[in-house]
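As you go down the protein sequences, you meet chains A and B in turn. Take the first sequence: its position 270, counting from 1, is numbered 270 in UniProt numbering, and each next residue is one higher. Take the second sequence: its position 47, counting from 1, is numbered 47 in UniProt numbering, and each next residue is one higher.
These are calculated hints, taken from the structure and not from any lab test. Treat the hints with care, since some could be wrong.
BS3-like cross-link-like pairs, simulated, lysine-lysine; straight-line CA separation at most 25 Å [unchecked claim]:
no., chain 1, residue 1, chain 2, residue 2
1, A, 158, B, 168
2, A, 271, B, 168
3, B, 168, B, 66
4, A, 105, A, 271
5, B, 232, B, 168
6, B, 56, B, 232
7, B, 56, B, 66
8, A, 105, A, 158
9, A, 95, B, 56
What follows is the residue order along each chain.
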Amino acid sequence: MSSAAGPDPSEAPEERRFLRSSEELSLAQMLQASSLVQRRKQAWGRQSWLDVPSHSVPSTAEAAALERELLEDYRFGRQQLVELCGHASAVAVTKAFPLPALSRKQRTVLVVCGPEQNGAVGLVCARHLRVFEYEPTIFYPTRSLDLLHRDLTTQCEKMDIPFLSYLPTEVQLINEAYGLVVDAVMGPGVEPREVGGPCTRALATLKLLSIPLVSLDIPSGWDAETGSDSEDGLRPDVLVSLAAPKRCAGRFSGRHHFVAGRFVPDDVLRKFALRLPGYTGTDCVAAL
Amino acid sequence: MSSAAGPDPSEAPEERRFLSTAEAAALERELLEDYRFGRQQLVELCGHASAVAVTKAFPLPALSRKQRTVLVVCGPEQNGAVGLVCARHLRVFEYEPTIFYPTRSLDLLHRDLTTQCEKMDIPFLSYLPTEVQLINEAYGLVVDAVMGPGVEPREVGGPCTRALATLKLLSIPLVSLDIPSGWDAETGSDSEDGLRPDVLVSLAAPKRCAGRFSGRHHFVAGRFVPDDVLRKFALRLPGYTGTDCVAAL
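Just need the whole structure built from these sequences, with the hints factored in.
Structural data, given as structure tokens:
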């Protein structure tokens, strides 16, 4: 994998899809020089601008910088962002696995949550799945002590969403009990050792899953940059990229790839030179 | 009018459709204290759903460029916070919102929501014309997010009060969030003389004064309210379809 030094010569500058961190600032300055009128014109012309099939994928550092921008400059709250991502993830599940087509057993969803932000998004996703009349069950073995996670957990408990105290290591038991699994264990930048033994063991079991698997943001355990371990790691059927797809999404080969990023302001997309497909109507997710 | 003590005897217990002001406050307390929803979360859910309701009542493809311009009038309390979130989602949905938010709350949630709107280039008016024709000409519709149930008119300040006086004369469509600002939340009195919105978006559940609403569309934005809470308040509301966060009543 090349280092983050300069632009990749194989990418024409006006179609760049990857930002190296050293260039971020000057590109941002150029983009922010455009006037309000110009921005509005671009917004109106958005449909054709986004018809270009290539989509851009930020590095892990850029994804973190994008999130910092939303939290610090735009003053979004973490509770807000996690709610928006979790809700959109649940909507993506309904698009990939529409309820009317599912039998009673197929509506049962196992949501596996890690202790970090990806797990918080999973908790919100589970709650919205319950509202959408799926039957979620949560496995959240390594609990974060932070207030947001605790409150999201309470919301799920009060809505009678069961929490498993352990996950069977025999994958056939999972295949038989649930219609699909949502992987909300690890987001980009989370080291496997940070999530604890039970999550690690759960991921080992999920690698052998034969029912559909939906991964939130990145398939847990994949390297967010390279997608290495994508041969040996989880092989989700559905990927729901949060805010924007991560680099490893290039190696995703499942059935559906959604981006849940409608809440990201246009100016932030432009700052990171991201070009993403348009959303239709009031949809919060778009199929890529 | 009966006090807010018990259920309206004309409504069978399993068919209640409205909440009194006291019950609405109790429902919110239950969500915040027992269910541990955050205020930021609830306001986001309500504001997003309000914007979706606007798109259902006034679908974008049917609107001309001018008709997509939306004036969102926000008061200093929670109703105003919901309005700020609604404006942001309207911008995401490609409407062109402008905000009039003259009496600013100092609390952090309001300040952050304001920053989000400012950073998204949503214009904030420094004053609202008293001549209603100027509003009719500049905008396609107005969203009233000035006062929720239980807010006294004197709490919202002069500019909001004057804005409401102007909005009473509006000829373009008006969408009120939760209750028409200025109506008594229980009785709907002042509904003769007060705002006459075309669209009402009830948040969580309809308030008693919604019985006097006579506009075109009434939506409830309450999908996030857990079933057990609805049962506790003996509310029976229409179902939501698919992943919709609002339902037409």
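So, going through the hints one by one against the coordinates:
1. Between the alpha carbons of residue 158 of chain A and residue 168 of chain B the distance comes to roughly 43 Å, so the proposed pair goes past 25 Å and is violated.
2. The hinted pair formed by residue 271 of chain A and residue 168 of chain B fails the criterion: a straight-line CA distance of about 42 Å is larger than 25 Å.
3. Proximity of residue 168 of chain B to residue 66 of chain B is assessed by CA-CA distance (about 21 Å); at most 25 Å being required, the pair is judged to hold.
4. Note on residue 105 of chain A and residue 271 of chain A: the hinted pairing is violated, with a Cα-Cα distance of about 45 Å set against a maximum of 25 Å.
5. For the suggested pair residue 232 of chain B and residue 168 of chain B, the alpha carbons sit about 37 Å apart, so the restraint of at most 25 Å is broken.
6. Under the criterion of a C-alpha separation no larger than 25 Å, the hint pairing residue 56 of chain B with residue 232 of chain B is inconsistent with the structure, at around 30 Å.
7. Between the alpha carbons of residue 56 of chain B and residue 66 of chain B the distance comes to roughly 18 Å, so the proposed pair stays at or under 25 Å and holds.
8. Our distance criterion of 25 Å between C-alpha atoms is met by residue 105 of chain A and residue 158 of chain A, whose separation comes to about 23 Å.
9. Proposed proximity of residue 95 of chain A and residue 56 of chain B is supported: the alpha carbons are some 20 Å apart, at most 25 Å.
Checked against the numbered hints listed earlier, the structure breaks hints 1, 2, 4, 5 and 6; every other hint is satisfied.
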